[in-house]
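> Here is what each chain is made of, one letter per residue.
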Amino acid sequence: MRIGVFVCHCGNNIKATVDVALLAERVREGFLWGASSVSPSVSPSVSPSASPSVTSVVFSADYMYLCAEGGQKMITDAITEHGLEGVVVCACSPRMHEATFRKAAQRAGLNPYKLEIANIREQCSWVHADKKAATDKALSLAKAAIAKVKLAKPLFPGENTVEKRALVIGGGIAGIQAALDIAEAGFAVDLVEKTPSIGGKMAQLDKTFPTLDCSACILTPKMVEAASHENITLHTYSEVEKVEGFVGSFTAVIRKKARGVNIKKCTGCGDCLAACPMKKIPNEFESGMANRTAIYIPFAQAVPNVPVIDRNHCAYFKNGKCKRCEGACQPKAIDFSQEDELIAERYGVIVAATGYEPIALDAFGEYGYHDNKDVITSLEFERLTNASGPTGGKLLRPSDGRVPKRVTFIQCVGSRDATARGKPYCSKVCCMYTAKHAILIKEKHPETDVEVFYIDVRTPGKSFEEFYRRAVEAYGVRYIKGQVGKVIGENGSLRIQAMDMLENGRYDSVTDLVVLAAAVEPSADTKKIARMLAAPADVNGFLSEAHPKLRPVESATAGVFLCGMANGPKDIPETVAQASAAACKAIGILMKDKLVTNPCTAKADEDLCNGCGLCVGVCPYGAISSEGGAFPRVVCVNSALCQGCGGCAAACPSGAMDLQGFSHRQITAEVDALCL
Amino acid sequence: MPVNIVAFCCNWCSYAGADLAGTSRLAYPSQVKIIRVPCSCRVDEAFVLRAFIRGADGVIVCGCHLGDCHYMTGNHHTKQRMEALFGLLEFMGMERERLRLEWISASEGAKFADTMAGFTAQVEKLGKNERYAGKCFEAADAETTNTEATDTETADVEAMDVEATDAETADTETTNTKAAEDI
Amino acid sequence: MSNDTVLKMRTRAREMLASGEVTQVLAWEAGEFPNYPAPAFFKDENACGRILYDRFCTANLSKFMIEASRNEGKTLVFLRPCDAYSLTQLIKENQVNREKAYIIGVGCEGCVTVYEGEECGLLESCLVCIKTDYPIYDELIGTENNPRTATTGTERFEGVTRVEETDASARYGFWQTQLSRCIRCNACRNICPTCHCKVCMLDKESLTNPPNPLENKFFHVIRAYHQNGRCTDCGQCARVCPQGIPLQLLNRKLIKAYKPVEVQP
Chain A
2 MRIGVFVCHC GNNIKATVDV ALLAERVREG FLWGASSVSP SVSPSVSPSA
52 SPSVTSVVFS ADYMYLCAEG GQKMITDAIT EHGLEGVVVC ACSPRMHEAT
102 FRKAAQRAGL NPYKLEIANI REQCSWVHAD KKAATDKALS LAKAAIAKVK
152 LAKPLFPGEN TVEKRALVIG GGIAGIQAAL DIAEAGFAVD LVEKTPSIGG
202 KMAQLDKTFP TLDCSACILT PKMVEAASHE NITLHTYSEV EKVEGFVGSF
252 TAVIRKKARG VNIKKCTGCG DCLAACPMKK IPNEFESGMA NRTAIYIPFA
302 QAVPNVPVID RNHCAYFKNG KCKRCEGACQ PKAIDFSQED ELIAERYGVI
352 VAATGYEPIA LDAFGEYGYH DNKDVITSLE FERLTNASGP TGGKLLRPSD
402 GRVPKRVTFI QCVGSRDATA RGKPYCSKVC CMYTAKHAIL IKEKHPETDV
452 EVFYIDVRTP GKSFEEFYRR AVEAYGVRYI KGQVGKVIGE NGSLRIQAMD
502 MLENGRYDSV TDLVVLAAAV EPSADTKKIA RMLAAPADVN GFLSEAHPKL
552 RPVESATAGV FLCGMANGPK DIPETVAQAS AAACKAIGIL MKDKLVTNPC
602 TAKADEDLCN GCGLCVGVCP YGAISSEGGA FPRVVCVNSA LCQGCGGCAA
652 ACPSGAMDLQ GFSHRQITAE VDALCL
Chain B
4 MPVNIVAFCC NWCSYAGADL AGTSRLAYPS QVKIIRVPCS CRVDEAFVLR
54 AFIRGADGVI VCGCHLGDCH YMTGNHHTKQ RMEALFGLLE FMGMERERLR
104 LEWISASEGA KFADTMAGFT AQVEKLGKNE RYAGKCFEAA DAETTNTEAT
154 DTETADVEAM DVEATDAETA DTETTNTKAA EDI
Chain C
8 MSNDTVLKMR TRAREMLASG EVTQVLAWEA GEFPNYPAPA FFKDENACGR
58 ILYDRFCTAN LSKFMIEASR NEGKTLVFLR PCDAYSLTQL IKENQVNREK
108 AYIIGVGCEG CVTVYEGEEC GLLESCLVCI KTDYPIYDEL IGTENNPRTA
158 TTGTERFEGV TRVEETDASA RYGFWQTQLS RCIRCNACRN ICPTCHCKVC
208 MLDKESLTNP PNPLENKFFH VIRAYHQNGR CTDCGQCARV CPQGIPLQLL
258 NRKLIKAYKP VEVQP
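Listed in order, the protein sequences are those of chains A, B and C. For what it's worth, this note's numbering labels the leading residue of the first sequence as 2, then goes sequentially. For what it's worth, this note's numbering labels the leading residue of the second sequence as 4, then goes sequentially. For what it's worth, this note's numbering labels the leading residue of the third sequence as 8, then goes sequentially.
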């Protein structure tokens, strides 16, 4: 086989540590294991007369940036001019550019699977300082790639159908936006939300920065549009239970939890709420600052505007008594016998928009959150200022209903925290929403003193810096660079013990209301969803994008897209942008009639397979079946279902089952080349 | 003498973690050489044993954390297999510290670098591998080099024919190995 | 293994061949050497008089069923508990067609080792046997006379434990000594019921060519490892090894340490 080896400098990234010119030279040496080398050293100039029956590296070159147009042209030209039958590219990780170089090979008429990459950047030049050691290792890695490509067979991808339906998990602004965009493009969308109404955290907010738009006013039209769009099916008070399959043909099982109310009959009149005797249940939407009934609508603008019976608190479900709501309901929509419904549906793509939660503050006892009614979180503050909130929008202290004379904001509660109790990252939105809160207070109560304890003020977005300066200059909000050590309740007020870092001294203060900017974390179900979708998550639990710059809205798992806080802290403008981007990627798949599949699938050698079936149970996709019922049996792999993990190949004792592209012989050859 | 470490890393998690160690410029010993597999469950016991025969002093198999496998259940199979294999090798006298199974995610670049450094140091303490190593292959190699050459040559000719006809089902290398054995 | 049992076996064999219910009978008959019976197929009622069943019938008949179940008609096979476990595994692995087998479970008092035609005590695998039930059968003969009580089940791991408790160098030395005697006769592979690959991996692609001492050791590592979760501890491999290598230690080590694949939801 005539092999060409190309070594990339990657500017200085590889060149600085690996002697690329020497590497390009040394790959031509015969290096079969054993005392004598079989493949004669080929002279630096290409020798077309090299015996066709002996594998040799007939061409090698080094180049500054192989992935650039000039580099790719060098490869395609060499394939044509020197009749290359196999190509090895020594460069960055195959996860970066294997696809790029394989496409180039294809353009030159070489089967793309006869090209292998040696990772001499991420796994060599960037991690080893000693030039000789790095160059020797690069040569080893090159040899392994050459050994592998020697045994490569041409592979041809297959095709899969695409189910023209999208599943969006999460009904906050991210999920709503993505669903709307996909629906507008003409595809059916199922939007699944676990709470009784769509809207998410944005529905709880009062105003949004930096424009101070009313949050509900910009959100509710989208909510209504999502509910009424002909292509969108809402599944509220529902959860995704199981997901199987792969891009183009996912199957998901959705559990529609029993509301106890017939959505079709309910008119949203609210008579049932008035009739319910259980009135002291903490209202989740109000962050626990107000109560609700056992049969309840989460908030006034809920979509769908249909109540749900909280079976954990309903008198009927707990002790068999009551049913007053049923009596009060004129359209007879209450149905206590309703049960959870399981539906299974097929989808071509899945969008994960599962959102966030503020962290629990149990580990932050020094701020007195659990001991004082007047120490609240920012989300609770949103409810206080919201006209539809527990105080009708009046800024009143939870303890005694008075207007606070001073409000103290504490930033970075649990964010930028290297210890185990907090999160190492910046939660991104808190500097801006605190400035917003400060401005809102000053607008209603210019006489109230507002102070903010901060470490840094981060205002990277459009008009964000100007907004913050307004808070300081126009509204007189006091910003103190310092950290609060303790919040102590005292005689109905709160005493703050803090350090002022600019003044380099103690700063103590007596205040009426403390607002904690708690860190954000992925919502509780994100981990479960990540596993269901086989979508990787990072160390903080946020769903990981395939590449932070090149593929920011796709999961590494094909067909799964990410948007919103589920993927990382971000504000509403970024969330909506990302949701539309995810929708665009999803549409890109949905509009195809066929998807090209990965040809590196498993294959059973019929002559060697004795039908023992040890491979069948290993396959996560059920791609392996026994042919017929007769003896002797032979197994058969459905290459449309096979995802190419190779578990079956390793399970097969005789080696009859093998994985194309990562065959037994190929990996064995790689091992040999690396060790010798 | 420096020890040789062969690492089998799964494309989706541990290989990506290795790449992240690279992007983050976290150094680890250059004796560690990585072979990419689609899933850690691709790792056959034959590969592990082959590495020791060929002169590796330590073998580490890396995969995704349990529950996070890109192929859902692959790493559960890896765990069962490698634990059985390592237990068996340990039973037969190989030092257990030469073998390791580690779960490293795509975002754990630091963990990758630390694990490789730690494993290399651990194997260095044991020194070069003498047990179940390939010393007796050296004599055999000298005799069989010619046989291997024939093997490779004919295999390549067959491979070219296979490409030319675009058919690729027959395992021609197998046929040629058998032919070599007949010699 | 009373006289009674073998007479009943012969009668049943004759009956089933005569009625055409089976076309052949798989059992044991006297072999070349004294107290060395061999497995055999009986296709004729008259031949059934040669059927032998005593404590010298050490061969496990289940593996012969692989080929037998591909023949025309059913095969009557006599199985002891250990053989029945092996056959169950072969059926599970699609090597034996259950419908082509008529299984008669036969009572067992354990088999004996033989040296120069003389009996020398129970086989090692019989000494630690834990199997008294028949996981698969159509009929039972002589099983009311199963005098052996099962051992507690831990005795069979004593050898493994003794090796485990030594240090790595001692273990290495032990196996170097044991496995250096291996001559790659492949008897263990031939007799093992779960070694039924069409072409053995180590024949298809030898680690070196020709086989050498290192490869002999790896042969046993690989063979034992391939039995992980499948070996039924029939003890045949150690019994047939002409070099007396304690192969059952490898299989039992894996049985002792066996963990199924745990898949979390």
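It cannot be assumed that every hint is accurate.
[Said to hold, decoys possible] Below, a list of computed lysine-lysine pairs in the DSSO-like style, where the Cα atoms sit at most 30 Å apart: (1) B/K131 to A/K528; (2) C/K50 to C/K81; (3) A/K133 to B/K131.
[As the list claims (entries may be wrong)] Calculated from the model, a selection of chain C residues having no Cβ within reach of chain B, i.e. all distances over 10 Å: (4) F40; (5) Y43; (6) N78; (7) K107; (8) L147; (9) E171; (10) S176; (11) V228; (12) P249; (13) P253; (14) K260; (15) V268.
To be clear, the hints were calculated from the coordinates, so they are not data collected in a lab. Even glycine gets a Cβ: it sits at the ideal position worked out from N, Cα and C.
> Would you mind marking each hint as holding or not holding in the structure?
Hint by hint, here is what the structure shows:
1. Distance check on the hinted pair: B/K131 and A/K528 sit about 43 Å apart at the alpha-carbon level, beyond 30 Å; violated.
2. For the proposed pair C/K50 and C/K81, the alpha carbon gap of about 11 Å is at most 30 Å, so the pair holds.
3. A hinted pair counts as satisfied when its Cα atoms are at most 30 Å apart, and A/K133 with B/K131 qualifies at roughly 21 Å.
4. Distance to chain B confirms C/F40 as a non-interface residue, since its nearest Cβ pair spans about 34 Å, more than 10 Å.
5. The Cβ of C/Y43 sits about 33 Å from the closest Cβ of chain B, beyond the 10 Å cut-off, so the non-interface label holds.
6. Remark: the non-interface label on C/N78 is consistent with the geometry, its nearest Cβ contact in chain B lying 29 Å away (cut-off 10 Å).
7. Against the 10 Å criterion, C/K107 stays outside the reach of chain B, whose nearest CB is about 31 Å from its own CB.
8. For C/L147, the requirement that its beta carbon stay farther than 10 Å from each beta carbon of chain B is met, with the minimum near 35 Å.
9. With a closest Cβ-Cβ approach of about 7 Å to chain B, C/E171 is found to fall inside the 10 Å limit, against its non-interface label.
10. With 10 Å as the threshold on Cβ separation, the claim that C/S176 sits away from chain B is violated: the shortest Cβ distance comes to roughly 7 Å.
11. Distance to chain B contradicts C/V228 as a non-interface residue, since its nearest Cβ pair spans about 6 Å, not more than 10 Å.
12. Every CB of chain B is more than 10 Å from the CB of C/P249 (nearest about 21 Å), matching its label as outside the interface.
13. Its beta-carbon lying about 12 Å from the closest one in chain B, C/P253 satisfies the requirement of being farther than 10 Å from that chain.
14. Against the 10 Å criterion, C/K260 falls within the reach of chain B, whose nearest CB is about 5 Å from its own CB.
15. For C/V268, the requirement that its beta carbon stay farther than 10 Å from each beta carbon of chain B is not met, with the minimum near 5 Å.
Checked against the numbered hints listed earlier, the structure breaks hints 1, 9, 10, 11, 14 and 15; every other hint is satisfied.
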